[in-house]
Amino acid sequence: MISRVAWSRNGGRTAFNIRLVFLLVQRVGKTALFHSQGAATLLVLAFLSLVPIRADEKKSEENRAIPVGRIKHPAPVDFEREILPILKNNCLACHNKTTAKARLILETPQAMLQGGDSGPAIVPKRGHASLLLKAASHQLEDTVMPPSENKVLASDLSPEELGLIKLWIDQGAKGSASIARPIEWQPLAQGLNPIYAVAITPDGQFAACARANRIFIYHLPSQQLVGRLTDPHLVNSGLYNKTGVAHRAIVDALAFSPDANLLASGSYREVKLWLRPKEAIEFKLASIAALALALGPDGKRLATGGDDGRVKLWDLTKGKLVKNLPAHKGGIHCLKFSPDGSKLCSASADKTLQTRVNTSQRTQRTRPDGHGVGRRPFRSRTAYLWKQ
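All the letters of the sequence shown, read from the start, carry residue numbers 1341 to 1728 under the numbering used here.
No wet-lab data here; the hints were simulated from the structure. Treat each hint with caution, since some may be false.
As the list claims (entries may be wrong) - For each label pair, taking beta carbons as the anchor points, the in silico distance ranges come out as: (1) Lys-1582 to Ala-1442: 52 to 58 Å; (2) Pro-1679 to Ala-1604: 26 to 32 Å; (3) Ile-1535 to Asp-1482: 56 to 62 Å; (4) Ser-1516 to Ala-1469: 20 to 26 Å; (5) Asp-1496 to Thr-1438: 21 to 27 Å; (6) Leu-1602 to Pro-1561: 20 to 26 Å; (7) Pro-1679 to Lys-1658: 20 to 26 Å; (8) Lys-1582 to Ser-1495: 50 to 56 Å; (9) Gln-1545 to Arg-1609: 30 to 36 Å; (10) Leu-1560 to Lys-1658: 23 to 29 Å.
To be verified - Derived lysine-lysine pairs resembling DSS-like cross-links, with alpha carbons at most 30 Å apart: (11) Lys-1660 to Lys-1640; (12) Lys-1683 to Lys-1663; (13) Lys-1465 to Lys-1514; (14) Lys-1676 to Lys-1691; (15) Lys-1412 to Lys-1474; (16) Lys-1582 to Lys-1658; (17) Lys-1437 to Lys-1474; (18) Lys-1441 to Lys-1474; (19) Lys-1612 to Lys-1582; (20) Lys-1437 to Lys-1465; (21) Lys-1691 to Lys-1663; (22) Lys-1437 to Lys-1514; (23) Lys-1428 to Lys-1465; (24) Lys-1428 to Lys-1474; (25) Lys-1412 to Lys-1428; (26) Lys-1412 to Lys-1514; (27) Lys-1491 to Lys-1474; (28) Lys-1491 to Lys-1437; (29) Lys-1437 to Lys-1612; (30) Lys-1658 to Lys-1683; (31) Lys-1491 to Lys-1428; (32) Lys-1640 to Lys-1669; (33) Lys-1514 to Lys-1441; (34) Lys-1465 to Lys-1412; (35) Lys-1640 to Lys-1612; (36) Lys-1676 to Lys-1658; (37) Lys-1428 to Lys-1441; (38) Lys-1640 to Lys-1663; (39) Lys-1582 to Lys-1660; (40) Lys-1640 to Lys-1658.
Predicted model only: the values in this text are computed from it and were never measured. Where is the CB? At the ideal position from N, CA and C, for every residue including glycine.
Please take these sequences and the hints and turn them into a complete structure.
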C-alpha cells in the first residue's frame, strides 16, 4: 500500500527509493525487519517525506531569482554602447537573425518590441513587466535565460547588468544598432612578400607561386616566368594602380585542377577560380599546310613547318612572322624546341635532321639507313649519336 501511494504522489523515482530502503533494512538483519516491522514502516515514510523536499530544493536552487541592481546613471543609457555588448556576450548567440530560437531576435530594440513566440521581449517604461528582464533574472519558472546548460557557454547576467537593462527599458528602451561599416581595404606594403602557397600542375609543366597577394605562373621546363594573375576589379576600384594583383589580402592556398585548366586561390574570406585562357590566335600560312608545330618554352614563340621545307618562326605576343628560314628539301614532319629554348630541331622527309642554335646557326645530320626522319625528342639525361 505504501508503494502505491508513493507512486501516485512522486512517480517512479520514489518507488525506486522505497526498494532501496527495504534493501537497507534487510541488510541490517532479517530479525530486525521481522520483529520491528512497524519501525521499518516509519523509516520508509520518513524517507518518502524527504525525497520531494530535496528535489524541490534543488529545482529552487537552479531557478533562484537574481536580484536586479539599482543603477545610478545620470545620463540616458546608450543601447549600442552599453546594452548591446551585454546581449552579445550572453544572448545573441541564440537570438539573432540567423539563429532565432523561439523566433526571438534581440539585436535591436525594434526586434525586441516585435518579440517572438511569447510576445514582445520589452515593454517600454515598464522594465519590471518586460519578458527580457524576467527571463534574465530568473523570475519565471518555465523561461530562464540563459539556460543553465547551454552549448554557447553563456552565463547569467549580473545584478548590475540586469539593473542597467531595467533602467534602459524604464527610460523608454530607445536607441538603435548602427549598420556595420564596410571594411576599408588598404594596399599591402610593397616589402611584404611571404610565400605561403605553391601548386604544380599534374603534368609538371607549370607552377603557381603566391607572394603576398600576388600569384606568379612559371613554366618549369624552361624555368621562365609566364605571367602574373590580375583581378581587374582590384585595379578598377582604385585600390591598386597597376596590374599583377590577384587578391586584397595574402594568398594562403593554391590548387590546380587535374586537367591544369583551372587554378583555385584562397585568401581572406574568398576563393577565386582562374580559368586558363583559351583564346585562339590565327596565323595565315598561305597555301602551305602546317605539318609540324612547336611552341617555345617561354610561350612567346611558335615554329611551323610545311611541305615547302621552310621553318617559320612567329612572335605570339605580336602575332607576326619574324623569320622564314630555308631548312629542308622535303616536307617537315616534326619540330621540337629544347627545354631551354636555345635550340630548335627539325626532321624532314628528305631524310635529314637539323638542329638550329638560336634559330640561326644550323647543323645537319642524315640517318645512315636511308629512312626518313620522324622525330627527335629532347629528353633529360639522354644522348643521341648520329653518324653520317
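Legend entry - Hinted pair Lys-1676 and Lys-1691, Cα distance within 30 Å: Cα-Cα ~16 Å, so holds.
Legend entry - Given pair status - Lys-1428, Lys-1491, alpha carbons within 30 Å: 15 Å, holds
Inset, instruction - For the range 50 to 56 Å, tell me whether the beta carbons of Lys-1582 and Ser-1495 fit it or not. - result: Since Lys-1582 and Ser-1495 have Cβ atoms about 52 Å apart, the given range 50 to 56 Å holds.
Inset, instruction - Quickly compare the C-alpha distance for Lys-1640 and Lys-1612 to 30 Å and report which way the hint goes. - result: 27 Å, holds
Inset, instruction - Mind checking the alpha carbons of Lys-1491 and Lys-1474 for me, to see if they're no more than 30 Å apart? - result: 22 Å, holds
Legend entry - Pair hint Lys-1612 and Lys-1582, alpha-carbon separation not exceeding 30 Å: Within the cut-off at roughly 19 Å; holds.
Inset, instruction - Take the C-alpha atoms of Lys-1582 and Lys-1660, compute the straight-line distance between them, and say whether it is at most 30 Å. - result: Holds: Lys-1582 and Lys-1660 sit about 27 Å apart, inside 30 Å.
Inset, instruction - Could you grab the alpha-carbon distance between Lys-1437 and Lys-1514 and see if it respects the 30 Å cut-off? - result: Since the Cα atoms of Lys-1437 and Lys-1514 sit roughly 20 Å apart, the hinted pair holds (cutoff 30 Å).
Inset, instruction - Compare the distance between the alpha carbons of Lys-1441 and Lys-1474 with 30 Å, and conclude whether the hinted pair is satisfied. - result: Measuring from Cα to Cα gives roughly 17 Å; hence the hint holds.
Inset, instruction - Take the C-alpha atoms of Lys-1640 and Lys-1663, compute the straight-line distance between them, and say whether it is at most 30 Å. - result: 14 Å, holds
Inset, instruction - Compare the distance between the alpha carbons of Lys-1640 and Lys-1658 with 30 Å, and conclude whether the hinted pair is satisfied. - result: 9 Å, holds
Inset, instruction - Take a quick look at whether Lys-1691 and Lys-1663 sit within 30 Å of each other, Cα to Cα. - result: Satisfied, since the Cα-Cα distance of roughly 23 Å is no more than 30 Å.
Of the numbered hints listed earlier, not one is contradicted by the structure.
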